[in-house]
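Peer 1: The listed protein sequences correspond, in order, to chains U and Y. Using numbering that gives the first Met the number 0, read the first sequence as starting at 0 and increasing by one per residue. Using numbering that gives the first Met the number 0, read the second sequence as starting at 0 and increasing by one per residue.
Just so you know, these hints were derived from the structure itself, not from any lab. Some hints could be false.
Note: identical chains are not told apart, hence a pair may lie in one copy or across any two.
With a straight-line cut-off of 20 Å between C-alpha atoms, the simulated SDA-like cross-links for lysine to any residue are [what the hints assert, rightly or not]: (1) Lys458 / Ser321; (2) Lys23 / Met472; (3) Lys300 / Ile466; (4) Lys185 / Arg1; (5) Lys351 / Pro388; (6) Lys387 / Asp146; (7) Lys370 / Leu456; (8) Lys351 / Tyr266; (9) Lys351 / Ser289.
Values in this document were obtained by computation on a predicted structure and should not be read as measured data.
Number of protein chains: 2
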Amino acid sequence: MRNLTLLTDLYQLKMMQGYFLTGKTEVVVFERFYRVNPFDSGYSIVAGLDHVIDYIENLSFEADDIEYLRSLGSFREEFLTYLTTFKFCGDIWSMPEGTVAFPKEPLLCVKANRMEAQLVETAILAFMNHESLIATKASRIRYTAPDDLLMEFGLRRAQNTDAALYGARAAFIGGFDATSNVLAGKIFGIPVVGTMAHSWVMSFPTEIESFRAFINIYPNDALLVVDTYDTLNSGVPNAIQAFLEAKAAGIVMEKYGIRLDSGDLAYLSIKARQMLDAAGLTDAVICASSELDETVISSLKMQGAKVTAWGPGTKLITADGSSSLGGVYKLVAEYGQAGAIPKIKISENAEKVTTPGFKQVIRIYDKATGKITADMITLVEESYSEDKPLILRDEIHSWKRMKLAPGSYRLRNLMVPVFSQGKCIYARPEIQSIKAYCQKELMTLWEAYRRFINPQLAKVDLSERLIELKKNMINELRVGKP
Amino acid sequence: MRNLTLLTDLYQLKMMQGYFLTGKTEVVVFERFYRVNPFDSGYSIVAGLDHVIDYIENLSFEADDIEYLRSLGSFREEFLTYLTTFKFCGDIWSMPEGTVAFPKEPLLCVKANRMEAQLVETAILAFMNHESLIATKASRIRYTAPDDLLMEFGLRRAQNTDAALYGARAAFIGGFDATSNVLAGKIFGIPVVGTMAHSWVMSFPTEIESFRAFINIYPNDALLVVDTYDTLNSGVPNAIQAFLEAKAAGIVMEKYGIRLDSGDLAYLSIKARQMLDAAGLTDAVICASSELDETVISSLKMQGAKVTAWGPGTKLITADGSSSLGGVYKLVAEYGQAGAIPKIKISENAEKVTTPGFKQVIRIYDKATGKITADMITLVEESYSEDKPLILRDEIHSWKRMKLAPGSYRLRNLMVPVFSQGKCIYARPEIQSIKAYCQKELMTLWEAYRRFINPQLAKVDLSERLIELKKNMINELRVGKP
């Protein structure tokens, strides 16, 4: 585990020193949320919490960190001394990894003294923004190919090491089966897959010799890449011949087939399927890789492509087309002697005005279908019971209301405790459980929310109390001002 | 330094075992190149070599790596034993970091036994693809703002830790002045910058109190964020008042000013400049941050924005709009008893046919202007002299020729030796030198190549010998085939 304590913006450390010197060390609450779904999607998947836990538990300024900060000339000795014993001692709540989330919802909350809460902002955002993005992309690809094998092949195009490692993990959570990334497999326990590249084929005098040699060594996982010279005139016929020879020689091949890596994947897979079937190789797998994502795969499927194993790489691992999730981390409350004082940030851009207060997200499920009816953002101290009618109000258009009858709905608090007074109190699930949970979460979305183009957006309301609080605070700050 | 030996695709290890078992351990040559410039740009910047050197020098399978590979069930004990003593013993050539490069050119060459050359493919691609991409993006932003301060602010939106760290380094090489990323500053020696966020302002009862407190602690670097409540009606007037008070109190402010983080940056900066100037604060800096990149900055400048310090974040650090560089790594030669045998990969997509042979790139400069006339890809054994006329031929359109008179041009080999028999023999330059070299490299591009929209593309030709070799190999493989 590298020490990532300095993985923060310099302004965090300068503000920390400012709080230290001015005695502004009250407990405050920050929350992470985002404003717009990535990929014009109807949702996002929460990911990155496990990474955040590692990071928080390992926060510690080492001697060389202090030395470096001293060299910058902006920090005073008393502050540097404080940093030498710095530990995160606060509380964190978060939605579990794999949870389906929507814009404006608090996804993670940090309650800690102002200096601690400020330091951790940047890394928390970086980890969760990235990992959520990739998990969301992966869930979209899974949606296009519910029954196929999905393999993450993006390492060589990833935005460096951690993007590849945590990206492979996030893709698995989002619904992928495996990765080509060996280190990700080792670190996270994700299944790894891979067979051969063109360079294997080119290392032999002829294509068929390269195929024979490979089957001989890996009879149980012989996916032969067939486009080194000429897919339909050389690659596929040679693969068929090599498979038939192996069968004739009594070699039992558990999993075998071909990989298409260029050309028209619809046409080539249909032709290759016919050729394989005609040779009696009906159980040979056809795998494809080459600039794949949910759009390409669904288009290929529409045209009857005979591919059942897909290896998306670049477009998945870099979240092509939506390469960042704009998660932010905003101050929402500070604790004075009278308890929590809500805080708000106003902006000329109305959608950038924050919702004040220390909050929870309550998910409301339709009892009959198990699908999500709406989410309601509340103050943490509010409580709701499934035995009473529930009224949902729209924040802006107050005439938009929805009344739910007792017994027709189920409630669930989405954020759960993760750290308490600096100690992790969260039972970190195995990666397989996170993936299974995520796939269940996706089942709670109405189909309309999963559409790629113009999806229906989930209803996310503020509680009555929160609407009033926000309105009053805006009025106080802006009404009557020039 | 983390052990990244397993940062590779599983198929590399499976092919390695295949070569090991079939005795195919000849020395081979692989080369890295890319086919299309990122961002529809006229060039790319080479970056990531320093990272590659660290990686190659630290390659070593530890006991737990071997244990993990054993657990996969695909590897034999004799191969695992070989891995325990594995070291990279080959040669590597590369264009230095900061070099301007063009499509199809070999940027890095690995000559090593087949197993070693295969293992390192994936990590080399991942590092150099990513870092080149960000350096290129940064150089474009620098082009729009040649005299301004450029600060990289992307950490929170980066695709995880390494994208942020190596991205900050690549941005510096491409022409940035500083980063907000403290860890990048510590590791790479890049200047770090940062002042305050909205949360600082919100931590005080009033905006002006927050400004006073900040100036008091950081008089030499007081960039006040002015959009927490209302930029022109509250933020800027309060900043002016706080600066005037500080001056009146005899505080000497070395660098001070305001940061605009939302709203219309052209309008707000012009208004703010007027207000600051009217108050006599003509040396106050106006800094902007908010979804910036080369397109946004040049559009703002066209409208007269009064910003002289820019903090691009998300769009720079994720290479928005072109989130990957499609660099590939292809087998181009193998050594038999008779020396190097060139290798080729054919493809239905004509532009995907590789150029065979162990190669060098010779850059041809116009002696009068110092600008690039063309690049010529040659076999390593070819030699050219500036004293003779030079004829450049187009590979496809053989009627396109250019003849250069002796004395009118200068030649330079772009790839330099980096590893020899496993030892790094390259004097790794300081990051400041790499940046300076890169800025000089950019000066060798004609303005037409630097245009954002529809740039002129540099002339990259194959040598006469290479054109013949490639043509003959294609004919041999494909002509007369069905």
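Peer 1: Are the hints correct? Go through all of them and say.
Peer 2: Structure-based check of all given hints:
no.	hint	result
1	Lys458 / Ser321	neither (23 Å within a copy, 33 Å between copies)
2	Lys23 / Met472	neither (22 Å within a copy, 74 Å between copies)
3	Lys300 / Ile466	neither (46 Å within a copy, 40 Å between copies)
4	Lys185 / Arg1	both (17 Å within a copy, 14 Å between copies)
5	Lys351 / Pro388	neither (32 Å within a copy, 64 Å between copies)
6	Lys387 / Asp146	neither (41 Å within a copy, 65 Å between copies)
7	Lys370 / Leu456	within (14 Å within a copy, 54 Å between copies)
8	Lys351 / Tyr266	between (48 Å within a copy, 19 Å between copies)
9	Lys351 / Ser289	between (39 Å within a copy, 13 Å between copies)
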